[in-house]
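Kindly produce the complete structure, drawing on both the sequences and the hints.
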Amino acid sequence: MILELDVLLFVILIVTAVLALKVRDLLAAVALLAAYSLFAALIFAGAVAVDVALVEAVLGAGVTGVLFIAAILTTSRRADVVDSSRRRWATLPVLAAFLALMIYASTGLPDKGDPEAPAHQGVAPVYLEDSLEDTETPNVVTALLADYRSQDTLGETLVIVTAALGAALVLRAREQEELG
Amino acid sequence: MTGAYPSEVVRTVGGLLSPFIAMFGLYIIAHGHYGPGGGFAGGVILAVGVILPRLTLESRIAFGSVPRELGPLAAGAGMLAFALTGLVAVLAGGAFLDYAAVEVGEIAASRLRYLGILVVEIAVGLAVFGAMVLVYDELAGSPVDG
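First to last, the sequence lines map onto chains Y and E.
With the working numbering as the guide, the letters of the first sequence map in order to residues 1 to 180.
With the working numbering as the guide, the letters of the second sequence map in order to residues 1001 to 1146.
Rather than coming from a laboratory, the hints here were simulated on the basis of the structure.
Keep in mind that a hint or two might mislead.
Unchecked claim - Cβ-Cβ distance ranges computed for the label pairs, FRET-style:
no.	chain 1	residue 1	chain 2	residue 2	range
1	Y	Leu132	E	Tyr1005	42 to 52 Å
2	Y	Pro115	E	Arg1068	48 to 58 Å
3	E	Ser1065	Y	Leu8	36 to 46 Å
Stated by the list, open to error - Here are some chain E residues the structure puts well away from chain Y; computed CB gaps all over 12 Å:
no.	residue
4	Val1013
5	Gly1105
6	Ser1110
Ideal placement from N, C-alpha and C gives every residue a C-beta, glycine not left out.
Laid out in structure tokens, this is it:
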């Protein structure tokens, strides 16, 4: 991890996120979101979370963009102008308070890679030390996801399949409604 | 959204690239033991290999090679394979999804868990692949040209 690089990536990340919200052309917003995901993937890769980076790059910068574009082509390319000036004054203090709370809470977090951190107590050292012997799998992440915590993965897969089926059913019902 | 793209360049590149993208997806699914990857990322890349022809090529080719029905079918089959893997372990006398409980000949317990991970990764890959293709197909609508 290089601090300057991380700071630069985070700045780009925030800029793309704000631009994606501001821009009226939805196609441009999708492109900005894809860029956002790509830089998020770079940050994950910088934190040596390669598995997460791969999924973020493939899903966020890849397929999500295609799905969004498909949605735009079947609906509308321009975002409606919403007058939110009055609402903005109500949400700003809430956002500021939330941000302050988050920054305050982050001061209590352990340092990155701290061996004394609570997350690295308990079962984590056992997984790290024994996973190669237990499962013959050099990639600890895979051993964790598909062996030690395979029930979590089963649930996750179920969520994805259920979400896709639900989306498909809603879309198909709408299509049939349009046909009459 | 579906149907042949007007540009010859786009059609050629799309047609040429998609089998390699799909193969890379299979590689990522199978390579989860040794490097980054596994079922989730691999399944998505495999789905991209199917979605790219639908975006660029004639519907006859794109939907002829991978029909619309394959999406929900793969999603269900992957989910079922995952759940059955867990049930097999239970029937063999172990805990749910405890691959080492299934005794196959002389294979060591760690090797069984290695193989169990592979089976589960393939199941997850199938499920994610199917889910992505299903969502894309429903969003993009029916093929326009024959």
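Cross-check of the supplied hints:
Between leucine 132(Y) and tyrosine 1005(E) the beta carbons are some 48 Å apart, a value that agrees with the proposed interval 42 to 52 Å. With their beta carbons about 52 Å apart, proline 115(Y) and arginine 1068(E) fall inside the hinted range of 48 to 58 Å. The supplied range of 36 to 46 Å is met by serine 1065(E) and leucine 8(Y), whose beta-carbon atoms lie about 43 Å from each other. Every CB of chain Y is more than 12 Å from the CB of valine 1013(E) (nearest about 16 Å), matching its label as outside the interface.
At roughly 17 Å from the closest C-beta of chain Y, the C-beta of glycine 1105(E) stays outside 12 Å, upholding its exclusion from the interface. A beta-carbon of chain Y is positioned within 12 Å of the beta-carbon of serine 1110(E); the least distance is around 5 Å.
Violation of the numbered hints given earlier is confined to hint 6; every other hint is satisfied by the structure.
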